[in-house]
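So the chains spell out like this:
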Amino acid sequence: MTELHPRFAGRAAFAPPADYRLLPCRFLALDDHRVVVTNEVGEHVVMTRDQLRTFAGRTLATCEPLYRELKAKHFLFDDESRAALDLLALKVRTRRAAVARLTGLHIFVVTLRCDHSCHYCQVSRQTEDKTRFDMTPAHADRALELVFASPSPAIKIEFQGGESLLNFALIRHVVIEAERRNASHRRDLQFVIASNLTQIDDEILEFARDHRIYFSTSLDGPQDLHDANRPLRGASSYRAALDGVARIRAKLGPEFVSALMTTTPASLPRVTEIIDEYVRLGFHSIFLRSLSPYGFAVRTRLVRGYDITDWLAFYRRGLAHILELNRRGVRIREELTALLLGKMFSPSGTAYVDLQSPAGIAIGALVYNYDGKIYASDEGRMLAEMGDHSFCLGSLDDQTFASVMTNDTLHGMLEDSLPESAPMCSDCAFLPWCGADPTFHQATQRDVVGHKAFSAFCAKQMAVLRHLVTLLEDDPEAARILRSWI
Amino acid sequence: MAAALTDGAIQVVLDLRVYRLTAIQKTAYRLADRVTVVLGVIAGELAPGGDQLPATLQFKPGTSEPAAREVARQFYQELLDQELREQIADQTNAVRTLILAHAFSNADLIKRGDRGERGE
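So the protein lines, in turn, are chains A and B. 409 is the number that my numbering gives to position 409 of the first sequence; each next residue is one higher, with no gaps. 111 is the number that my numbering gives to position 111 of the second sequence; each next residue is one higher, with no gaps.
The hints are simulated quantities; they were obtained by calculation from the structure and are not laboratory data. Source: prediction; values computed, not measured. We treat Cβ as the ideally placed atom computed from N, Cα and C, and that holds for glycine. Do not rely on the hints blindly, as some may be mistaken.
[To be verified] These stretches of chain A come out as covered by chain B in the derived footprint (C-beta under 8 Å, 3 or more residues):
| hint | stretch |
| --- | --- |
| 1 | 386 to 393 |
| 2 | 421 to 429 |
| 3 | 446 to 454 |
[As the list claims (entries may be wrong)] Coverage of chain B stretches by chain A, computed from C-beta distances (three or more under 8 Å per stretch; other residues unrestricted):
| hint | stretch |
| --- | --- |
| 4 | 64 to 75 |
| 5 | 88 to 98 |
Generate the whole structure from the sequences, applying the supplied hints.
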């Protein structure tokens, strides 16, 4: 194409005056020169500050590529795009549809007994021989009544502990009873056992195979790191976990077992080793999880062993290593990143309970504790073990699903913590990709809303999301890999 | 622009014709981890009304002059952003309400006919 003579103004100068209106949007500085702008449904555009002022001042020329991008992504509408409002409303509705389906995740804490003594344990485990820390079959049956009273078409029952397999008899009872009830309810029913796998045997494996039960275990990295984090009297927790993983893969198939890691101070300099260990063991995903401020992690002050800045450096190094592995053809993804990318690019967002608006407490997950108490979140019962019962919604002895869902305290917490009305969150560009975490803020600030300027949750979300948007904008190869994880 | 750091504080005067009070308050809230912003008070006395709003940027003990001036710069930068956010909100609040109303106008918020085992 022929260049215009410098005496002539550019095409934009001759465009007809723009007559467009802005659609709701929020912006945030990405770096010194650029901002990221998002709309109500999480679509985003990165632009310079000058471009933002031009756009907001409604003086952007219609022939600019940015105009077309903003119009296509529903940041503005003009006389030619009146259908934009209908489309945007439809997208809003799609994104919020999950709220009406109510609780899909139901966590049964079948025992608080455990054979491990992990320094970062979030649930204040009890020693193995105290059977008074087991859930009773009567409470399990009452919990199942609540499970099937939820209108959710997809039900996931997750067994947790302590070490859940120390009460395998109750797991067996719940699975068989749930399947019996589901013959008439016809929900998409799934079971997951969270376990350190020390107790696994042929009987458990055969039952799991027959009922298509998934396993989620802990793997903190190489053996010395894992065993230091997760002491097991007289044995190696690492060897037990690996043995269990191998047996599940052989009996049920590789997709039936996944692993989670927790970042301790000892993990910080070893992120590439941890990731390489996951790859070596045949896992295709890793969740680089920071410590949570609950249970033994607080009592042992382990949670103060590093701050969010240290974890963010760990995460960035880890993600860079994972992207490099992907470039070399190794299939592995980072789960927090994948969850956030889902929020950024999927029309329906993600079901991850900790990143929902309204918060995922109770309406995303319910927890039935070993003692019959009902909690609005897994972290809520962890907080209760520390003496804060804010998230307790009563007892299985006298509550119904309807009474839990209409609990005034729950509604108060959901309303107060709603990001759309929370200070700082309400005008944050990352709002559509983020969520409320009232349990974290109750634990750290004694307030379900929390002052976000002092919030490690907010600092983590902001830094990770800025990093991801920057990668998507500035590194085409990384962007290609990241988009393949959605 | 900001004056010097004196007794751990920087005094500024904000023009309410340029920045609306909501934007100033949101800026103060957002920077609360770095500085406490006291609005409308000079040396313990309420400032007179009008278009000028005095503000004291009160820093934590031991904050150096360069660090304080950097936070003051961030304060003014954030003020501009907050003011722009208010301008965008002015233009879009009505249409946001319209879109949300339209999105949920057909939603049946009470699911009927799926009663639990105890008649829930």
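Evaluation of the provided hints:
Interface restraint, the stretch 386 to 393 of chain A with chain B: violated (0 residues with C-beta to C-beta distance below 8 Å; minimum three). Counting residues of the stretch 421 to 429 of chain A whose C-beta lies closer than 8 Å to any C-beta of chain B gives 3; at least three are required, and the coverage claim holds. With 3 residues having a beta carbon nearer than 8 Å to a beta carbon of chain B, the stretch 446 to 454 of chain A meets the requirement of three or more and the stated coverage holds. For the stretch 64 to 75 of chain B, the stated coverage by chain A is not satisfied: 0 residues place a CB nearer than 8 Å to a CB of that chain, which falls below the threshold of 3.
Three residues within the 8 Å Cβ limit are the bar, and the stretch 88 to 98 of chain B against chain A gives 8, so the coverage statement holds.
Of the numbered hints given earlier, the model fails hints 1 and 4; all others are met.
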